[in-house]
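Residue numbers (the working numbering), protein chains in the order written: chain A, 1 to 403; chain B, 1 to 403; chain C, 1 to 403; chain D, 1 to 403.
What the hints contain is simulated information worked out from the structure, not anything from laboratory work.
If you're wondering where the values come from, they're calculated on a predicted model, not measured in any experiment.
C-beta: ideal position from N, C-alpha, C; glycine also.
Among these hints, one or two may not hold up.
Here are the simulated distance ranges between beta carbons [what the hints assert, rightly or not]:
#1 A:K202 to C:Q33: 50 to 56 Å
#2 A:N372 to D:H243: 37 to 43 Å
#3 B:N19 to A:S319: 29 to 35 Å
4 protein chains.
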Amino acid sequence: MKTTQKIINDPVYGFITINHPLIFDIINHPYFQRLRRIHQMALAYLVYPGAVHTRLHHALGAYHLMCNAIAELKAKQIPITEEEEVAVKAAILLHDIGHGPFSHALEKYIINSVHHETIGIALMQMMNQELDGRLQMAIDIFTGKYPKPFLHQLISSQLDVDRMDYLTRDSFFTGVSEGVIGYDRIIKMLTVHQGELMVEEKGIYSIEKFLIARRQMYWQVYLHKTVLSAEKMLIHILERARHLIDTGDTQCKTGGTLDFFLYEKPSKISEEVLQQFCKLDDVDISFAIKKWASHPDFVLQTLCNKLLNRQLLKIKLDSKPFSNEFIEAQRKAAAQQLNINERQAVHFVFTGEAVNTMYKPNDENIKILFKNGEIRDISGIDNPLIHQTISSPIKKFYICTLT
Amino acid sequence: MKTTQKIINDPVYGFITINHPLIFDIINHPYFQRLRRIHQMALAYLVYPGAVHTRLHHALGAYHLMCNAIAELKAKQIPITEEEEVAVKAAILLHDIGHGPFSHALEKYIINSVHHETIGIALMQMMNQELDGRLQMAIDIFTGKYPKPFLHQLISSQLDVDRMDYLTRDSFFTGVSEGVIGYDRIIKMLTVHQGELMVEEKGIYSIEKFLIARRQMYWQVYLHKTVLSAEKMLIHILERARHLIDTGDTQCKTGGTLDFFLYEKPSKISEEVLQQFCKLDDVDISFAIKKWASHPDFVLQTLCNKLLNRQLLKIKLDSKPFSNEFIEAQRKAAAQQLNINERQAVHFVFTGEAVNTMYKPNDENIKILFKNGEIRDISGIDNPLIHQTISSPIKKFYICTLT
Amino acid sequence: MKTTQKIINDPVYGFITINHPLIFDIINHPYFQRLRRIHQMALAYLVYPGAVHTRLHHALGAYHLMCNAIAELKAKQIPITEEEEVAVKAAILLHDIGHGPFSHALEKYIINSVHHETIGIALMQMMNQELDGRLQMAIDIFTGKYPKPFLHQLISSQLDVDRMDYLTRDSFFTGVSEGVIGYDRIIKMLTVHQGELMVEEKGIYSIEKFLIARRQMYWQVYLHKTVLSAEKMLIHILERARHLIDTGDTQCKTGGTLDFFLYEKPSKISEEVLQQFCKLDDVDISFAIKKWASHPDFVLQTLCNKLLNRQLLKIKLDSKPFSNEFIEAQRKAAAQQLNINERQAVHFVFTGEAVNTMYKPNDENIKILFKNGEIRDISGIDNPLIHQTISSPIKKFYICTLT
Amino acid sequence: MKTTQKIINDPVYGFITINHPLIFDIINHPYFQRLRRIHQMALAYLVYPGAVHTRLHHALGAYHLMCNAIAELKAKQIPITEEEEVAVKAAILLHDIGHGPFSHALEKYIINSVHHETIGIALMQMMNQELDGRLQMAIDIFTGKYPKPFLHQLISSQLDVDRMDYLTRDSFFTGVSEGVIGYDRIIKMLTVHQGELMVEEKGIYSIEKFLIARRQMYWQVYLHKTVLSAEKMLIHILERARHLIDTGDTQCKTGGTLDFFLYEKPSKISEEVLQQFCKLDDVDISFAIKKWASHPDFVLQTLCNKLLNRQLLKIKLDSKPFSNEFIEAQRKAAAQQLNINERQAVHFVFTGEAVNTMYKPNDENIKILFKNGEIRDISGIDNPLIHQTISSPIKKFYICTLT
């Protein structure tokens, strides 16, 4: 029988090849297609107009890098069965299936305190039933239960293809060239030793570049202060809506799936919750914001209009917390300017921490395999730039204000 | 006073510079910000997952090319005043302001039979009032009333910066490298003679490349059969909804701005219509489709679900029309399969023409200025490839079917 | 045993992987290393300053595309043994081994009337002896004797990886974006049917693009009139030197390997000739030009100085031959200006034909495999642009003059 | 009068525009054309096959960045007269005019102990006479005598366009993407304050990227151990030849301009020396190596053959010097293997230091202009990565050995 093959144009990698029935089945599944309607970078497009790419696109890109990584490891004689190969590709396609609208920006705000990965595993299991158990090995690899640890590490570790794709892709679509990581060279440098994913010695400069590019993406993109302001405004919009609902409002109803989450307030996973969750995406949130832009509540209405028209709250960053006096003064000023009370002004003047969650030396790690057979963790390498980059996470404080 | 300057990252051109108060005012205006919520390529992302860029991004890109073109012409000593320079840049920023949701795919479906350019001019005039007449020269250039024709031709002609940007940008985001037109070389080749925009003789191969790239983009992207199928499905969804509304349905109400256009059916421009129009964007249509996916009407519900989950109608292209017998047979089969009547089956089996509207020799044209001072239209050049490319528009017939 | 692997940075493709002992042995061989000292594009760098890449680089690039093509065909279940795979890669590495200095510009001028391919095969046979017959299958594939024709076609046919690489590479280094052919998509579209290399039906637009890009490269680069002028001057320099030698000159001696070819005038291949040939490269010609720039013969001296300092002869192209009167008048003028006789002026005023040797319908061809199993030659496809591009070769006449 | 304009294709920046008579005169001058025959990166092409670009190409590229930088500063209202603009562009075109064959690899080896900049200024003065003093302001800017320091700093400082171009260009042609510096963003961030070139506050991350990219280029490219080995071999070849000449050899004569430098041993600049210098380029050295490959001296012959055929000496790097015992042992082994004495073996086993001459905090510096008007040097910025990158130069020790 002729193998069917499909190629998908990708501006980042050129072409992505699909050539296995299970991969086709996953891509055609409504749960996967839903990812088309979730922005990969939430509201970052308010600063970087090109950053409108979707989570589906990222999943396909990570799948492509997985194909390359597997081909490389097989060329290096690492034993990988055909079944494992398909399973690890299936797993990477599904790794973000549990993301809700606006991805990380609203993480844990949709189903109270439930992480997207927990939802993801539940959804994979539902799909696995539909697909007659064909996803079992993929799930085992994803959850770290499969005996060959390097397969899991390709999906989730400091050097997984997930990170490689999102840094590359986010750098591409934002146009921030500082984020180019050199994924192709890193993949050429991967190897497996004692069942673990490692990087060959001559790949150290590639790792250096990867870590630095990631650092630059954090400060220039992921924690860009204007993006931060927009995402915090989005959260305040949802919090204000929840508050109104708690006090009896019915005008926050959108007529769509979001109502279930706002009015039923699920805080754990059930079959019904999952069914509803799979109908929810960025469109529901965007529609709500447009609708609430004429809601009678002044705070909700104002926040929504500001976000819609990109009239964002001013934001400042500092290495130490802002004083209570300063915050209070700003709130008073905002209250006066908008003719609201100070409790309401909390939605226009607020503060918090932005954290650059980099590589943590005691947590996961990148192992280097030296030519002489020695294995060292990246934190043990004699390279001052790497040391500087991976040492303790950098924290900044932000304050959003009306003017 | 210090000139304020802002640079915007663009993955296509690197950086776009904004440095004039009028340009800032336009970009910050809600009418312009609305273009963030309109996909440049409608549903093309169902085939090209990267093609999710927005009309706002295209407008900024065309503005950037305008800056380059003006700089080039000024370096060639073409007289352009500072006021004209700002006006022509303002005009290109606003050239697509009248686009409704899903751009060309729904052209004339939102306000019955009214073209986006008509809406655009009306919106520009509203903005002009708000901005104390500062847009007047831009409007004059846009509508062709300004005495220097080349300024209008930079905005709207066979070689305008609008086309240069959308071909370049669409090629970039789809990843279809065949569409790369070489905009930078074309701009270097522009000149003005007797008030008209022309191309220098040595630019002929660049024009050849431009025309061929455009042709390839038509067949590979704009008229890609799967994209065509999706866009026709979208139109059938709206037509079915309108039909239901005409026969008394109230369940098509979405709770948003779309309701005004569906239930009031405006067919000409009034202040109220424009106000509503400016609140409408892709989000409203996408939300409607999601909502109608559980509408009781089987046809509407099915079309919406299919489009949402990318289960598109099959489509075939041919150089001659499909026979009535074939169409009828397909409709019968579809009716039987879905258990509907044949009138309803019209929404699952339908036919039409796809036209590649290329350069038309008798319409607008590209003028070449030879070194010896002679001027010739591109259609009069001794270049068989150009002749072949620009001759009469190519037409294909399509049929969409259920299976 | 661990397979050794080496990766080479290539600005065009990223990384080229070497991982077989025979491939290492070829690359490390002095005959192959000699290709470092031969410009891929002869004197084109006088117009395109970036076009200084070497024939070694091209050979590595063609090898890389061969690796991709073989991987693609194997993924499509085309049977290719490991031995065949190595052999076809070895053959492509060696396909240009017979090139002399300045490649095509001096083709047949070094060893009188002997084509580079004839020299190449002789050199491959010498290497084969050194390498204990390990090149035999590569030579059989190269010379078309091996039973699977598609292997030979990958090396030499209208769509071979040689062309794909040189068009891509020359386009890259010249910066002429019109020459981008989309090699990756073409390779994805290759298949084998009845032992022959074919292109899948959906690859037709890629072929269209390939043919058009090739056409543009011919006119913009390979037959660029200034490049033509420089290359004709180079030939006139060598012809003048030969003429002087024929009439007894000894001052043309350079002290290097070129002397053997100038003074011994070999016109067929012998072991000695081959030994000398392998010591000859662009350096010898460049050194000769520098030395002859102070040769007492005025014609030789002047041509050399002009070429060295890029003071090239003027050149005009026309679709019909230049009249004898015009040529004579130009020669008279040149003779007068330089104070030389008219026979000498022939080296400053001369004429000839430049031919765009495109795809010839009756010669080799590109076969398209349709989904329905039908096979058609590209010339039989219903595509007017392709027809126009591949029809009879285009010829232009040139004249070089002093002023 | 119509301004003549010429555009040159550059694969790095797209197009370079030439549009002033003085710039044309410089580019057409034989001294400038000579730079076509000098590799920008000496022997780096032995590791990076694409790195064959020339010093002429770099000069054109630096000129292009200068055009961009001047346009940016003028857009920021920095006063720059037309005469200054042409002069600073002329100066950057000429900044490397004093480079001899193989650039830095042979620096001070051609004219004993004379730096290329000294030669360059002498050549500029000769050209200035020919050009009727039109280069005077360019020379004043180049030598730092012109009153506006920022013009000189654009040519020579930590952030000059020279560095920006060579890092960008060398990264491009080697294919080492780690070296991409983001020149366009840096140029957008340049400003002038109190006559000095500065970087705006928001450009700090661009500077961080620039410094890190430079660091990576040093270790991966400029001090790549194999490149180092080849360049040291080249020096040993010249030293051996000089030694033979000192002891009476005449067979080192090449018949070209190199003989003057080898046999006359000029150690300061005179008109004759300069005349000869302008005839010397990479071709002379390459030809000598090819000729000496059959010189009777075994050491010279062997080194030349090894370099020609890329059979390079083995090289090791270490953070501390190699012990004398180790060096002696290696020399003994080499002497025995090659059947030479230990004094001769010095050319096959030798040691030295490779230094990464980075930004030195007390030397030149990069000034940052903060929004509040404050000026701080880059070394005073609160950025640990920058600190790490610019701190004391890193030194490694190398040893080359026969096996």
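Verification of the hints:
Range check, K202 of chain A to Q33 of chain C: Cβ separation about 23 Å, and the 50 to 56 Å hint is violated. Look at N372 of chain A against H243 of chain D: about 39 Å separates their beta carbons, and that is inside 37 to 43 Å. Here the CB-CB span from N19 of chain B to S319 of chain A is close to 32 Å, well matched to the stated 29 to 35 Å.
In terms of the numbered hints stated before, the structure departs from hint 1 and from no other.
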